[in-house]
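There are 2 protein chains.
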Amino acid sequence: MLVKGFKAAAVEAGFKYKNRLDLGIITADAPVAWAGVFTQSVCRAAPVIWSSAMAAKGRGRAFLANAGQANAQTGPAGTKDCYRSAAALATLLSCPATEIMLASTGVIGQPINISILEAKLPNLLSQLRPDGLNDFAQAILTTDTRPKIRTEKIKLNGHTVSIWGCAKGSGMIAPNLATMLGFLITDAEIKAPLLRNILVEGAEMSFNRVTIDGDTSTNDSLMIMASGAAGMNPADSGEALAKFKEASFTVMKNLAYQITRDGEGATRLITIRMRGAKNTEEAKLAARTVAESPLVKTAFFGGDANWGRLIMALGRSGATFDPYAIDIDLDDIPWVRQGQDNNKEKAASMVMKKTEYGLLINLNAGNGEYEMLTCDFSPKYIAINASYRS
Amino acid sequence: MLVKGFKAAAVEAGFKYKNRLDLGIITADAPVAWAGVFTQSVCRAAPVIWSSAMAAKGRGRAFLANAGQANAQTGPAGTKDCYRSAAALATLLSCPATEIMLASTGVIGQPINISILEAKLPNLLSQLRPDGLNDFAQAILTTDTRPKIRTEKIKLNGHTVSIWGCAKGSGMIAPNLATMLGFLITDAEIKAPLLRNILVEGAEMSFNRVTIDGDTSTNDSLMIMASGAAGMNPADSGEALAKFKEASFTVMKNLAYQITRDGEGATRLITIRMRGAKNTEEAKLAARTVAESPLVKTAFFGGDANWGRLIMALGRSGATFDPYAIDIDLDDIPWVRQGQDNNKEKAASMVMKKTEYGLLINLNAGNGEYEMLTCDFSPKYIAINASYRS
Numbered sequence: 001m002l003v004k005g006f007k008a009a010a011v012e013a014g015f016k017y018k019n020r021l022d023l024g025i026i027t028a029d030a031p032v033a034w035a036g037v038f039t040q041s042v043c044r045a046a047p048v049i050w051s052s053a054m055a056a057k058g059r060g061r062a063f064l065a066n067a068g069q070a071n072a073q074t075g076p077a078g079t080k081d082c083y084r085s086a087a088a089l090a091t092l093l094s095c096p097a098t099e100i101m102l103a104s105t106g107v108i109g110q111p112i113n114i115s116i117l118e119a120k121l122p123n124l125l126s127q128l129r130p131d132g133l134n135d136f137a138q139a140i141l142t143t144d145t146r147p148k149i150r151t152e153k154i155k156l157n158g159h160t161v162s163i164w165g166c167a168k169g170s171g172m173i174a175p176n177l178a179t180m181l182g183f184l185i186t187d188a189e190i191k192a193p194l195l196r197n198i199l200v201e202g203a204e205m206s207f208n209r210v211t212i213d214g215d216t217s218t219n220d221s222l223m224i225m226a227s228g229a230a231g232m233n234p235a236d237s238g239e240a241l242a243k244f245k246e247a248s249f250t251v252m253k254n255l256a257y258q259i260t261r262d263g264e265g266a267t268r269l270i271t272i273r274m275r276g277a278k279n280t281e282e283a284k285l286a287a288r289t290v291a292e293s294p295l296v297k298t299a300f301f302g303g304d305a306n307w308g309r310l311i312m313a314l315g316r317s318g319a320t321f322d323p324y325a326i327d328i329d330l331d332d333i334p335w336v337r338q339g340q341d342n343n344k345e346k347a348a349s350m351v352m353k354k355t356e357y358g359l360l361i362n363l364n365a366g367n368g369e370y371e372m373l374t375c376d377f378s379p380k381y382i383a384i385n386a387s388y389r390s
Numbered sequence: 001m002l003v004k005g006f007k008a009a010a011v012e013a014g015f016k017y018k019n020r021l022d023l024g025i026i027t028a029d030a031p032v033a034w035a036g037v038f039t040q041s042v043c044r045a046a047p048v049i050w051s052s053a054m055a056a057k058g059r060g061r062a063f064l065a066n067a068g069q070a071n072a073q074t075g076p077a078g079t080k081d082c083y084r085s086a087a088a089l090a091t092l093l094s095c096p097a098t099e100i101m102l103a104s105t106g107v108i109g110q111p112i113n114i115s116i117l118e119a120k121l122p123n124l125l126s127q128l129r130p131d132g133l134n135d136f137a138q139a140i141l142t143t144d145t146r147p148k149i150r151t152e153k154i155k156l157n158g159h160t161v162s163i164w165g166c167a168k169g170s171g172m173i174a175p176n177l178a179t180m181l182g183f184l185i186t187d188a189e190i191k192a193p194l195l196r197n198i199l200v201e202g203a204e205m206s207f208n209r210v211t212i213d214g215d216t217s218t219n220d221s222l223m224i225m226a227s228g229a230a231g232m233n234p235a236d237s238g239e240a241l242a243k244f245k246e247a248s249f250t251v252m253k254n255l256a257y258q259i260t261r262d263g264e265g266a267t268r269l270i271t272i273r274m275r276g277a278k279n280t281e282e283a284k285l286a287a288r289t290v291a292e293s294p295l296v297k298t299a300f301f302g303g304d305a306n307w308g309r310l311i312m313a314l315g316r317s318g319a320t321f322d323p324y325a326i327d328i329d330l331d332d333i334p335w336v337r338q339g340q341d342n343n344k345e346k347a348a349s350m351v352m353k354k355t356e357y358g359l360l361i362n363l364n365a366g367n368g369e370y371e372m373l374t375c376d377f378s379p380k381y382i383a384i385n386a387s388y389r390s
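Listed in order, the protein sequences are those of chains S and A.
For the first sequence, this note's numbering gives the first residue as 1, with consecutive numbering after it.
For the second sequence, this note's numbering gives the first residue as 1, with consecutive numbering after it.
Don't read these hints as lab results, they were simulated from the structure.
Hints should not be assumed to be uniformly reliable.
[As the list claims (entries may be wrong)] One-sided excerpt, in silico: chain A residues whose CB lies under 10 Å from chain S: (1) Cys43; (2) Ser52; (3) Ile108; (4) Gly318.
Even glycine gets a Cβ: it sits at the ideal position worked out from N, Cα and C.
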């Protein structure tokens, strides 16, 4: 895949893992419009603090990402390491350090090995090429089992425009922000403040609606650069903007889907559609409580058609409703009607053996709606996380 | 154990499990002061609705409890089953049905087999005896691996007074209310409104502070009866009340401890002491987020001294603090200082191999304090809950 105006590359720096790409870069051929949105954690990693300040400037040249160490809770030394990384790269790219956004993923409390990083940079830059994006997508992974990539192509004012995105996810995924790391590039021409709005709105419809374990990271970052290199195609208003937004949202939603599908130890993906809540806020509370409940998620894993677990989660969610007004559909099975069993156990059990299905829960208390993606809790989730560091 | 003025018994009704006690009763020899507190779920089970109405009357004769079916989300039929249970027992005890509190635990959405229950009642009553309390404690269990019982004896105005309590827990344990079912009896003499206050205050310090999986049941109930049969010992005021409260709290706290110790699949028990939060509310948010985080709980299981998981949970908890002011002690190990690693990995790893230890987290942002008990997430939790119904 090529996106005009960008090059990418990745190398094996050996930060934590051996024999795999773990240091990646995407560069724009010249300074371009960019934006970023970041974790809402009180404990923001050093690269998050760095990048959110740089994103605000609206223009830049490169994303640099490493996997293995999070550079979070690393104090003044971590801040200094960010500055050193950006400065070293900026020297090699002949641009100001402020034109570089950084992202790290890995173990919290561990610094990145800045000497290795600096030593690897020339080699990394020597490999920059227009079709290096797959390598970049590979280099940002930790416990992910596969890279997550999505591309959309649209026609804007007669020019073909591409939007490419990649993400890493796995554990520690939850609203807000659900992706550990997400990167988008496009050769559309669009201004930075609009890019930021698109990230905020898109994240709310995608990454913020997936949950694997309810935990949110210190490092969650979502970034975008727009080169405008696909030809004169200003996407700043009207139909062009609408088309661009829609395609960007498709990329983000698909990446969020892939993240959930690849949740740590996940064996099933479940879409939860909450309807008829008193308002949107209560729909969100109800959907999120169901999506994060360990008892619900273990029933998903077991394929146990036990709707009582859903009732339990809804009942404690904080949403207000009449327990005997709840209707629940499992795919097209009318599973629960007016809060009670509808004698569909056998059919429901069949659905719950599938690797992907949907729950439509109507609280019949109003017009509030919300939708979330979740996955099951398997013994593998625990195996992965009981010893993630080692 | 004997508590003056009470008898208890249990039988094998075969509601769900075979060859085990699953229907239990405690009766007072005459109507006595009583009180109850119940789940805050919007979806309250039929016996919860029944018993909370009866508790409000302040006086009664008996607790009747079954394990196997929750009689929750069972609609008008479930309500009728409660009335039939209470009426049948009342006839046999020659008292009004309003003098009976009911409690059920088991699968949500399943009715109790009321015909079996009615048929078993005469046999149950024929076995009532002062030392039947252990059988009662056994009959209320579901996935618990052992009964939870605690007794305190105190001297009030020269008389020895007993407070006996039992509980069932395991999964679906969380604030509020943390016990699936808890029952207390005492031969102290104390009025119903005071009993209720003691339950409310005691639950806040005990059952509401334990968490196994963050899930709260439709059936959580905590009940107490006070016979006054230990002699003239009014515990309604002054030092006697203070002593009685203290002993009651000891019973409740110990039962909550036993519930967490016996959490589904739990291999370790961890006390989380949050200190230095901006206020109590933030201390509670921070403590609860740490206690319920799947990533923290899997690290507990693995014995992985990964303090970054705690930082992650604190950061997303909603509490406000300076990330570089956090101090964390693991038992007596100064594990994290000013938000950073304190080079105690080896000592910390030793502590985390233990089956019981404590975390002292100081946010250094104010005077808010809160304490919780939690346990680890093990693969066994998932195995139990993937197929609990079958």
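Evaluated hints:
no.	hint	in the structure
1	Cys43	3 Å, holds
2	Ser52	15 Å, violated
3	Ile108	3 Å, holds
4	Gly318	9 Å, holds
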